[in-house]
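Undergrad: Protein chains in written order, with the numbering used here: chain C, 1 to 395; chain S, 396 to 555; chain B, 556 to 660.
Simulated from the structure, these hints should not be mistaken for lab results.
Glycine included, every Cβ here is placed at the ideal spot set by N, Cα and C.
Treat the hints with caution; some may be incorrect.
Unchecked claim - Quick list of the computed label-pair ranges, beta carbon to beta carbon:
1. C:88 / S:544: 53 to 59 Å
2. S:537 / C:88: 57 to 63 Å
3. C:89 / B:655: 46 to 52 Å
4. S:403 / C:37: 46 to 52 Å
5. S:486 / C:188: 50 to 56 Å
6. S:423 / C:95: 27 to 33 Å
7. S:398 / C:177: 40 to 46 Å
8. C:39 / S:552: 48 to 54 Å
9. S:519 / C:63: 53 to 59 Å
10. S:516 / C:357: 20 to 26 Å
11. C:188 / B:655: 44 to 50 Å
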Amino acid sequence: MSKSIDQVFPNAKQWLLSWLAGSPSWAIQVVSILTNIFALLAVFLTLFALISVLERKILARIQNRYGPNRVGPFGLFQPIADGIKMLIKEDIVPARADKIVHFLAPVLIAATAILTLGVIPYGRNMTPFTIDGGILFFFAVGSATELAVFMAGWGSNNKFSMLGAMRAIAQMFSYELPLIITVLPVVMVVGSLTPDRIVAAQAEYTFGLVPRWFVFTPWGAAAFILFFVSGLVESNRTPFDVPEGESEIVAGHMTEYSGFKYATFFMAEYIGMFAISGLGVTLFLGGWHAPARVLEIIPSYVWFFVKLSVLLFVYIWVRGTLPRTRIDQIMNVAWKFMLPMAFTCIIAAAVWHYAGRGLRGWLWSLLVIVIVYTALSILLDTRRKFAQRVYRFAE
Amino acid sequence: MNGAAFIVISILTLAAALAAATLRKLMHAALSFAVAFVGIAAFFFLLGAEFVGLALVFIYIGAVAVLIVFTILLTRRDIEKDRGFNWSGVIIAVAVFCGLTWAILKTASLSIVAPHIRALTVKRIGEALMTSYVWPLQCIGLLLTAALIGALVLAMEEKR
Amino acid sequence: MTPTLQIFLIVSAALFSIGLLAALSRRHAIFILIGIEMMLAAANLNFIAFWRFAPKPHQPPVGVMLALFSIAISAAEAAVGLAMVIVAYRHYRTTNVDQLDQLKG
Numbered sequence: 001m002s003k004s005i006d007q008v009f010p011n012a013k014q015w016l017l018s019w020l021a022g023s024p025s026w027a028i029q030v031v032s033i034l035t036n037i038f039a040l041l042a043v044f045l046t047l048f049a050l051i052s053v054l055e056r057k058i059l060a061r062i063q064n065r066y067g068p069n070r071v072g073p074f075g076l077f078q079p080i081a082d083g084i085k086m087l088i089k090e091d092i093v094p095a096r097a098d099k100i101v102h103f104l105a106p107v108l109i110a111a112t113a114i115l116t117l118g119v120i121p122y123g124r125n126m127t128p129f130t131i132d133g134g135i136l137f138f139f140a141v142g143s144a145t146e147l148a149v150f151m152a153g154w155g156s157n158n159k160f161s162m163l164g165a166m167r168a169i170a171q172m173f174s175y176e177l178p179l180i181i182t183v184l185p186v187v188m189v190v191g192s193l194t195p196d197r198i199v200a201a202q203a204e205y206t207f208g209l210v211p212r213w214f215v216f217t218p219w220g221a222a223a224f225i226l227f228f229v230s231g232l233v234e235s236n237r238t239p240f241d242v243p244e245g246e247s248e249i250v251a252g253h254m255t256e257y258s259g260f261k262y263a264t265f266f267m268a269e270y271i272g273m274f275a276i277s278g279l280g281v282t283l284f285l286g287g288w289h290a291p292a293r294v295l296e297i298i299p300s301y302v303w304f305f306v307k308l309s310v311l312l313f314v315y316i317w318v319r320g321t322l323p324r325t326r327i328d329q330i331m332n333v334a335w336k337f338m339l340p341m342a343f344t345c346i347i348a349a350a351v352w353h354y355a356g357r358g359l360r361g362w363l364w365s366l367l368v369i370v371i372v373y374t375a376l377s378i379l380l381d382t383r384r385k386f387a388q389r390v391y392r393f394a395e
Numbered sequence: 396m397n398g399a400a401f402i403v404i405s406i407l408t409l410a411a412a413l414a415a416a417t418l419r420k421l422m423h424a425a426l427s428f429a430v431a432f433v434g435i436a437a438f439f440f441l442l443g444a445e446f447v448g449l450a451l452v453f454i455y456i457g458a459v460a461v462l463i464v465f466t467i468l469l470t471r472r473d474i475e476k477d478r479g480f481n482w483s484g485v486i487i488a489v490a491v492f493c494g495l496t497w498a499i500l501k502t503a504s505l506s507i508v509a510p511h512i513r514a515l516t517v518k519r520i521g522e523a524l525m526t527s528y529v530w531p532l533q534c535i536g537l538l539l540t541a542a543l544i545g546a547l548v549l550a551m552e553e554k555r
Numbered sequence: 556m557t558p559t560l561q562i563f564l565i566v567s568a569a570l571f572s573i574g575l576l577a578a579l580s581r582r583h584a585i586f587i588l589i590g591i592e593m594m595l596a597a598a599n600l601n602f603i604a605f606w607r608f609a610p611k612p613h614q615p616p617v618g619v620m621l622a623l624f625s626i627a628i629s630a631a632e633a634a635v636g637l638a639m640v641i642v643a644y645r646h647y648r649t650t651n652v653d654q655l656d657q658l659k660g
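Chain C on its own, in the form it takes in the complex (with noise of 0.2 Å):
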């Protein structure tokens, strides 16, 4: 019983396909290929319209306030309102603006967000895009964001617009390299580029209980919470939004968007940070496999999304909490604290291998991770914290 629930996605696909049968293989291939688009829009789409609706609500709790509770039961019907509303919005594009680079920008930034979607296994035999070699498509396509978010500001031929892409993909710059070696950990212990695989090696559970997550390793936990802090900033997220500062430079690369273009821009931010939460959770907690053993008759893809919705809300959470941080801070800490803590993982992670992958080994990684770091808080001395600022600008 648990098992067909556990299968119910696959078994419609099959059912859906099995109408074809006699078609030529590439129709099948083709209609294959076609349902997995739309199950993966539907549900990300809807995801995101509750996502936005609920961000706004928990920011609200935390500050004290009611949220949006006018559309519908408790503001639920909120991104629908909004979306008419960005829907029939004027289009504006600035006369001075490279129309073509204007206009491809948000096409770009949300067609690569969308595609990094589609390398995630959501469930048992859930992934909508098997490649060998998942982990370095995410990256691959990932990376064609920083071009976008370029387009945007070159295009729109705005100072705040430049400004603000130029510290986007500063910053994106910086913590690519933090977020994918903290990834070059798993793939070395597991041995293996594709997602399905890495999930595959997280099933098992310690003396039955504990279940066999990298983040319970100590090389695991240090090199998934660097991968939250870079996952933050890759997907511009408060308290690292500087490209889009309100209070400094208007709205960074999205200042002269408007209507369905500036909510495209939106949804691609929310998607992507769908898409690297997705990725954290397939690499570090586990992917779709439940905390217990019991607990295995609830279907896998609700675990994924249960996990996936937690870190979510510790996206909201740090959002509704911490200030926004200057830039200089930012790079600071990616290139003096983050690379270096991301390549003491990948030691940790051969020292554990090495020594056995049990209790030995946990403490002698847990051991280099330490002492790593309480080199690094004494190198990076925290006295410099009070020194004159030095300000450096760009040419």
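Given chain C, work out where chains S and B should sit, using these hints.
TA: Same frame as chain C, now just chains S and B:
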């Protein structure tokens, strides 16, 4: 290997490459350059070298294209000026193309279809890199470090 | 129609010629770099095509390895080349390669 996919990809790649070589606005040329590299990566996918295609997208779209647009931004004051187009280059390029095509079409042993091969997994590439290609790999690492430092030193502000 | 090795080589030759065109006829340093990158990519396409169409599969896959190394080297070349463009622009306030004709900095 699919004929239709091949035609679509080659038209896309060559059109984007031609646009990158001839467009007047530098920024448009740089973006067409990025599109051309997506096309080349698609060729690699078609040929079964997925890892190389992904690496190409990663390096060229994620790094080189962004570097190029950054350089355009930093040397922006120079863009508007009109500059000559050297027509002798067109003649040489067409001559080279004709010569190459003639040579390729003349060689009979080249008109073969692809044999069936075992899929090239990332694991096999990794094994090759870590066994028979260790020294080249280390040399590449050294070269990239040298290039990193060299580029930094070159572009750094001169102390006066 | 299944594409043969010839067609791949012709596409690669066309790409090489377009790169040559960009490197020879444009006077802007960045265009010359773009042209060089395109020529290198054409060479990579050749490597992969020859690997794929080899009658006996190589172990290790030599063509793929060569392409990977050549991608890494061309990335390094692009980084240094663009740094040089920026330095030249700082000195001479131009990126037109015809005007960069002094040996004295």
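Undergrad: For each hint, tell me whether it holds in the structure or not.
TA: To see whether the hints hold, each was checked on the structure:
no.: 1; hint: C:88 / S:544: 53 to 59 Å; result: holds, 54 Å
no.: 2; hint: S:537 / C:88: 57 to 63 Å; result: holds, 59 Å
no.: 3; hint: C:89 / B:655: 46 to 52 Å; result: holds, 49 Å
no.: 4; hint: S:403 / C:37: 46 to 52 Å; result: violated, 19 Å
no.: 5; hint: S:486 / C:188: 50 to 56 Å; result: holds, 53 Å
no.: 6; hint: S:423 / C:95: 27 to 33 Å; result: violated, 19 Å
no.: 7; hint: S:398 / C:177: 40 to 46 Å; result: holds, 41 Å
no.: 8; hint: C:39 / S:552: 48 to 54 Å; result: holds, 52 Å
no.: 9; hint: S:519 / C:63: 53 to 59 Å; result: holds, 54 Å
no.: 10; hint: S:516 / C:357: 20 to 26 Å; result: holds, 24 Å
no.: 11; hint: C:188 / B:655: 44 to 50 Å; result: holds, 46 Å
Of the hints listed earlier, those the structure fails to meet are numbers 4, 6, in rising order.
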